[in-house]
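As a plain string of letters, each chain reads:
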Amino acid sequence: MNDVGEFTLMVALATSLYGIVVYVMAARGNRIDLYLSADKVPLITWACVMISSIALWKAFFTNDFSLQYVYAYSNIELDYFYKFSSFWGGQKGSLLFWTLILTSYMIVVHFQNRSKNLIVVPYAMAVMLVITCFFLLLLNFSTNPFERIPLPPEDGRGLNPLLQNYWMVIHPPTLYLGYVGFTVPFAFAVAALISKNLDDAWIRLTRKWTVVSWFFLCMGNLFGASWAYVELGWGGYWAWDPVENAAFMPLIVATAYLHSVMIQEKKDMMKVWNMSLILLTFVMTIFGTFITRSGLIQSVHTFDEATLGYYFLGLLFFIIAACIVLIVLRLPLLKSENELDSFLSREAGFLFNNLLLLGIAFATFWGTIFPIISEAVRGVKITVGPPFYNQVNVPIGLALLALIGIGPIIAWRRATWSNLKKNFLKPLMFASVGGAVLFPILPLSNRSEIYTYIAFILCIFVLSSMLIEFYKGTMARYTSSETVLGALGSLIWNNKRRYGGYTVHIGVVMIYAGIAASQSYGIHTEKRVKIGETIEIRDYILRYEKLAAIQATSVKTRIIAQLAVEKNGKRIWTARPEKEFYKGQNQPVSEVDVRSTLASDLYVILADFSEDESATIKVYHNPMVKWLWTGGWVIALGTMVCAWPDRLEQRRRLERLKRQQIVFSPAQE
Amino acid sequence: MGIHFKKIISVFFIVFFVAIACSSLATAGAVLSDLENQLMCKCDDKCGKVLINCTCSTADKNRKKFAKMLESGLTVDQIVQQQVEKYGETVLSAPTKNGFNLTAWVIPFGALMIGGVGLRKLLNGWVGKSKLDIEFQNTEDGAAPKSGSKKSGEMNASKYSRRLKDELDRLET
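Chains A and B supply the protein sequences, listed in that same order.
Taking the working numbering, I'd label the letters of the first sequence as residues 1 to 669.
Taking the working numbering, I'd label the letters of the second sequence as residues 1 to 173.
Hints in this document: simulated from the structure, not taken from any laboratory.
Among the hints, erroneous ones may be present.
Said to hold, decoys possible - Pairs of lysine to aspartate or glutamate residues, derived as EDC-like cross-links and limited to a Cα-Cα distance of at most 20 angstroms, are as follows:
no.	chain 1	residue 1	chain 2	residue 2
1	B	LYS42	A	GLU375
2	B	LYS86	A	GLU375
3	A	LYS527	B	GLU71
4	A	LYS58	A	ASP3
5	B	LYS64	A	GLU526
6	B	LYS121	A	GLU339
7	B	LYS65	A	GLU526
8	A	LYS266	A	ASP199
9	B	LYS97	A	GLU375
10	A	LYS556	A	GLU231
11	A	LYS381	B	GLU89
12	A	LYS381	B	GLU85
13	A	LYS58	A	ASP155
14	A	LYS426	A	GLU469
15	B	LYS68	A	GLU526
16	A	LYS527	B	ASP60
17	B	LYS65	A	ASP608
18	A	LYS58	A	GLU6
19	A	LYS570	A	GLU536
20	A	LYS530	A	ASP608
21	A	LYS527	A	GLU613
22	A	LYS267	A	GLU339
23	A	LYS196	A	ASP268
24	B	LYS61	A	GLU526
25	B	LYS64	A	ASP608
26	B	LYS61	A	ASP608
Build the full structure now, drawing on both the sequences and the hints.
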């Protein structure tokens, strides 16, 4: 099966090369025969990559340690669940997994669009095949996952214990679905530039791909944070690690694009800007891959054998150069009549939102590459860690939060004072009252706490503005024959994009609130305790009850501490934090135990223990962390509403176009 | 605009800006946490984590050592300085705010300011262009009766198109 896997990778490469040539020739020469001859290329490429992936999975499940990759990332004792995820645990497999997702997306795009737009689609397919080809070249000639060991060992080295967590099965695929998903809008944008079809057709064709990719990237980031929270055992969820930054930057640029593209759809403005943003989003996804696989920047996420830097750097330069050349060549066609009626308008709000989002993306990028710049200029390598990002990004993030509230309730084109008063009075009142109520409750002793106080005021402002929008819309539809819930349902159903977007904003506000509270008001304590002794934190008393050792497998031993958690004299929970020792690993892995509620998390770590059963226990009290994860699910709900097929919207758009044609046509007069 | 609305806006912005101003005057919180936040973990594994986030045995040892140093009367700055002398600048979790490192802090805000000024100019141009168009159309409105039926048709078309745009905007606000 290994030979088949290796062979199919070669076939996939040959097929994709054929596809590139034929699609380009078909588009350039307007040759339908060539277009039809390439019709099966996406399917064959996908099938080959799929067979190759199945071969690798089979090697993992059958403990075939003759493959160097299986030997490095698995062993006999490894649970089947993790054998499945070991596939993307190392560089070679993760590249194959990337290719598998890319080719899967490609066949969906192919079947969706093959008879839709015969000018743009062949070029888009060719671009996607070029990217596929790059990955297949690496898989065939540089990082072959089917590389053999001449004398196969009896057992493998096993998967890194930190990766033996259920998030390993969820987080990387979600993130990859987001990263790879942006290849589709990128391919269509480049195709539009090449084919000079620069109306908003490419935007409409890829709108859902963009929304869905954005969603996966967003959830990938959140799942990563969640994984760090439960697995790394330091009580936090985001460390501004270079690779975390690399996943965060495309998300931020894509968010800017999702907002500014609305102006193009509505007013046919900012074509160059939108084109640049989507190209930049894709460049950022490749930059992220470059960081993970180059070994250039020190990170906890970097692959052990990070040797592909030059290849990805080459791809990065090629894409940037090609995009710049294409945009410059097509500038005359991308020119649009840019006009705004007023500064006080939603369009201007979107532009400022873009400025702030790109400001955050740039600050993050700058912080990520500054160690390299410092080394080049001064010869001194420095570290840029969380204090830098927090000081730079938090003020910008707060301004952005304010705009999240302002944007949706300010009028398109021109907001009058009466319009502002009508829309802003209540949210501002709620925010002011909320600020006044919170002022005596919240401690304001340092900068972080004051930022949090501001964030809470802004959260109330945004949340109230969103909820008022829902309320107004529902009440306008509410009649005696319909219930309030029915009216709310039909409001959302008939305006999916708008109210789905508002729901996403509510999720984002929840995330802001969760970050603000947990960063500022979290406390922790650490104590060496003997059996029967207690630790106090806030209203909780943790009584250390026992320490147990369990030989889980032949390579894993679990040391579990048991603590009774009491509140107001009542036992409310039993915490069982543990340390896991893996054969052949220097450091044990902490498995924390968390009691999570919307108000706060009680996060218990077994930091150390000794033979007399005394143990060092670390306890964190982190307020509102659950708001982050709940916010993620609210975003998921909002995205689902946004991306749901909407015939009404299409019909409205057609009717509007028809009416515009009638009104704009002088012949009608 | 109603007087109440003005008052609410004023109160909101006063609360907001006082809070922002206070933030720059505020002092740091827990001392050991501050120290752990300022330093990177220097374990053999080169984990690349800030000390406060690291759970390895080296980090635990260093934490205990720093706690003792603080108890002995050393300040956070003195301990940080000691660590920099021992390991170099790479032990700091963020660039210092002097010399070349200052560019790390200044450039993001500088870029944002330049972007803001650029955007402001761009918007000025776009808003100005729109005003010019409206003035031009108004002039045309005045001259319309003398300009024959074709011009009158164009004028009506633009009038209706503006009205349609207005109505669509109101519908979607």
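Which hints from the list above does the structure break, by number from lowest to highest?
none
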